[in-house]
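Line order of the protein sequences matches chains A and B. Going letter by letter, the first sequence gives residues -17 to 246 in this note's numbering. Going letter by letter, the second sequence gives residues 226 to 662 in this note's numbering.
Hints listed in this document are in silico derivations from the structure and should not be mistaken for laboratory results. Backbone N, C-alpha and C fix where the C-beta goes; we use that ideal spot for every residue, glycine too. Honestly, I wouldn't trust all of these hints.
[What the hints assert, rightly or not] With a Cα cut of at most 30 angstroms, we get these calculated DSS-like pairs of lysine-lysine:
hint, chain 1, residue 1, chain 2, residue 2
1, B, Lys649, A, Lys99
2, A, Lys56, B, Lys507
3, B, Lys649, A, Lys245
4, A, Lys205, A, Lys132
5, B, Lys507, A, Lys245
[Said to hold, decoys possible] Computed, partial: chain A to chain B, Cβ under 10 angstroms:
hint, residue
6, Ile95
7, Asn98
8, Val103
9, Phe106
10, Met108
11, Asn109
12, Pro168
13, Pro170
14, Leu187
15, Arg190
16, Gly192
17, Met193
18, Gln195
Listed below are the residues making up each chain.
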Amino acid sequence: MRNGDKITAGIDIGSSTSKAVIFAGGEVVSYSIGPSSVSPTKTARLVFQRALSSAGIDREQVTYVVGTGYGRAKVEFADENVSEISCHAKGAHHLLPEVRTVVDIGGQDTKAISINKSGLVADFVMNDKCAAGTGRFLDFMARSMELDIKDMVSLHFEEGVPAMISSMCSVFAESEVINLINEEVPLPSIIKGLHKSVANRISTLVRRVGMQQEIVVTGGVAKNSGVVETLEQILKCKFVTLPGIVDPQIVGALGAAIIGFDKS
Amino acid sequence: MTVLGKERAIELETIHAGVSKMMERHMGDPDSRAFNAFLLAAKMATEGIIAALDNGTSVISYNLGGMPELLLALGENENEIFPFAMEKVVALQSLVGDPMYNMEAIDMAEAQGMSSDVCSTDRATLGNLTKRFLPEASCSVFVTAPCDSQTAMAESLKEITGEDVFLIDIPHHHGEREINYVAGQLKEEIEFLEEKSGKKLNWDRLKEICQESNRMIDQALDWLEWRKAIPCPQTAKMLSTMYILLQDGSGSKGATWVASEFAADAKERVQAGKSAVPGGEKIRAIWFGSPPWYNISFYDWMENELGMVVPVDMFSYVVPEMYVDTSTTETLLHDLARKQIYMPMGRHFTGAPEYFVDDLVRAAADYKADCALIAGHVSCKHAWGVLGLLKEALREADIPALAFEFDLFDPRVTTIETLQQEFKRFAEDIVLPRIGK
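Construct all of the structure, not just a fragment, from the sequences and the given hints.
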C-alpha cells in the first residue's frame, strides 16, 4: 500500500465465521477472520478492528465500507450492504478472471454462482434452509465423532472405502454415523462417506447452474481438501486454486471491498 | 346478502363481503380502473353462484381447463343452464375472500386421501365439494388440461358426487389432426350434455355466444398490445385474472366489458405516459407459471420495492388461435376445439415442451423483457419437468431467469417473505447489474 491509495473495506458476516478485508492499491492489505457471535454488530466491529490493526491504519482512513453475508444488515458502520452472491462473484473474478463458476461452501448455505466474462452474475443456485451440503453439517458430524474438522481432513486421506451415508438430513445422518461407529466401521471410511454425502449434494447445485469451467471453490469448507477432492471426483474436473496467500474464506469480504472501491 | 336457508353459503358470503369491501376501497382510485372492472366481475360471479344456489337453476360444472360456450348454448333461451367453473370459488376465495378457507379445504381433501401431489386448486375444490357448499350439478364436463391433476379430480368428483363426468382428452400435439380429434369429442360431449340436461344445443345461440367470445379476444389482444409499451402502463396484478375471464366468462357480455376496460385503461395510461410503477420501472419481467394468488399484493411489492413490472404472464397470454370462425357448425366446433387447445396454461402445460418454451422466449422478445420469472407452482410437475429445457433456451436467448418454488393457493409452502428475499437477490445480483441500473 502506498501513501494516498484509496482504502476500502469489506465485512462479511457469515453464520459461523465473520471476515473483514482491507483493500487498497488493487490488493488485499490485511484481513481478519473470527467466529460469529449472537451479535452481528459486535462481531463486525471486532473483525474490522482486527483487520485495521493488522494493516496499521485508522478507521478514518477507510473511505468506503461494504457489508455482506448473512448479517450484513447489522454492519451498522457500513456505507452500503450488498448480497454475498455479488460479492463472491466479484472477489473470485478479481483473483481469477478466467473463473466462470464459483462454488461457495459456507457454514449455513452453499452457493453455485455462474459468472460471465465481465464478472457479472449470470445465474446462481443456493442450498439454504437445510444444513446438508454445508459446513454446519460437517461441524455437526465432527462433534458426533468427537473429532476436530482438522482431524477429519487428515483421516480422509487414510486408507478406507467410503461408508454409505444415505441420509441427506443432518439429524438422521448423525444416527447413521453413530450406528456405523457401533458397527466398528473405521473412521476414515465414515469420514470419506460423510464427505461424499456433502460433495454429492453440492455437485447437484454446480450442475444446475451450468458447470462452466474454470471452477473455483471458496468459503470455509474449501479448506477441507477431503471434500474438495471428492467433489472434483464426482464432477470429473479439476478446480482452479486461489493464489497462495488468499484464504478461501475471505473471497466474499474481498468482493465487498472491491465493490466499495469501485463506488467510492 | 343472505342466502335462503343455506348454511353452506357462509364461504360464498365471505367472498361477497371481501370483494364488496375491496370495491369500496378501490372505487375512487383513478389508477385502479382496470382492477375495479375485475372486482365487479368477481362480485357478479359470486352473486351468480349464490343465485344459482337460491333459485335452484340447473347447473353443469366444468373444470379448470374448460370453457363455457357450449354450456351457455344449451336450451332454447338464455340462462337455462348455469355453467359452473368449479375452481373459480377457490380463486375468488384467495383473491377477494379469505385464503384460510382454502387451506382448510386443502387439508380436508388430503384427509380424504387425495394426494398432496395433486394441484392445490383441485384439492381445495375437492374440499369444497366435501363441505357441500358448491352448487350441485346434473353432470360435469372435464378436459385433461391444463394438467394431470384434472384426471384425478374428475375421478374424485364422480366418487364424491356420483355425477356423470364427460372427459375430453387433450392431445400431446396442437396441429390440425389433433384439433379435429378434439372437435370429434366435442360432438360427443354435445350428445352427452343434451341427454343429461334434457336441453338441446341451440346452434344459433352458440354462434352468437362465440361472436361475443371473439369480441373478448379482440379486447384481450388489444390490451396485450398496449401492455407492450415502455413503461408498462398497468400493474401486474390484473394479468392473471384474464384467465378467470376466459375460463368463466367467455361468451358473456360482462366479461367482454371487463376485457374492454382492461384495454381502455391501458390505452389511456400509455397515452398519458403513466407507468405501473410510480417511481419508474427498472426491470421488465415475464412471469411464466401460476400467479401468487395466495397473496396477490406480492405484485405491488415487486413494483414498489424492485421497480419490476410484468407486461405479460402465462395466464394472460391470449393468442389469435383463440378466435372462433362462426360461419358453419363445422367451423364452430373446429375452432372451439382449437380454442380449447390454445387456452393459456393448457397449451403450455399439456403436450410437447416446445409450446411452453417457445411461448416464453417469444413473450420475452415481444415484450422486451430483461428477465424471466419461472413460477414453479409445486404441483406443476410438467412445468418442473421442462425446467432444464426452459433454462437452456433462455440462456441461448441471453435472458436471465429465476425459477422459484411456491404454491399458488397455499401460503404454507413458501412464505411471501421468502419469495421477496429470492426476488430481491435475483434483481440485485443478476438483473440490475446486467442492465446497468
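| Restraint satisfaction for isoleucine 95 of chain A [CB to CB of chain B, less than 10 angstroms] | Given a least distance of 9 angstroms, the restraint on isoleucine 95 of chain A holds.
Is the hint on asparagine 109 of chain A kept, meaning its closest Cβ partner in chain B is under 10 angstroms away?
Violated. Min distance 13 angstroms.
Given arginine 190 of chain A was flagged as interface, is its beta-carbon under 10 angstroms from a beta-carbon of chain B? 9 angstroms, holds
- Query: Does methionine 193 of chain A meet its interface restraint, that is, does its C-beta lie within less than 10 angstroms of any C-beta in chain B?
  - Reply: 13 angstroms, violated
request  = May I ask you to test the interface hint for asparagine 98 of chain A with respect to chain B, counting a Cβ-Cβ separation under 10 angstroms as satisfied?
outcome  = It holds, given that the least Cβ distance between asparagine 98 of chain A and chain B is near 9 angstroms, below 10 angstroms.
Given the hint that lysine 649 of chain B pairs with lysine 99 of chain A, test it: the Cα-Cα distance must not exceed 30 angstroms. 23 angstroms, holds
Interface hint check: methionine 108 of chain A, Cβ to nearest Cβ on chain B, cutoff 10 angstroms. Holds or violated? Result: holds, 8 angstroms to nearest chain B Cβ.
Was the hint right that glycine 192 of chain A lines chain B, CB cutoff 10 angstroms?
This hint holds: glycine 192 of chain A lies near chain B, its Cβ roughly 7 angstroms from the closest one there, short of 10 angstroms.
- Evaluation of the interface hint that places valine 103 of chain A against chain B, nearest CB under 10 angstroms: Result: holds, 5 angstroms to nearest chain B Cβ.
Proline 170 of chain A as chain B interface residue, shortest Cβ-Cβ below 10 angstroms: At 37 angstroms from the nearest chain B Cβ, proline 170 of chain A fails the 10 angstroms test, so the hint is violated.
- prompt: Hey, lysine 507 of chain B versus lysine 245 of chain A, does the alpha-carbon distance stay inside 30 angstroms?
  reply: It holds: about 20 angstroms lies between the C-alpha atoms, which stays within 30 angstroms.
- Item | Interface restraint verdict for glutamine 195 of chain A against chain B (beta-carbon cut-off 10 angstroms) | 16 angstroms, violated
Checked against the numbered hints given earlier, the structure breaks hints 11, 12, 13, 14, 17 and 18 and satisfies all the rest.
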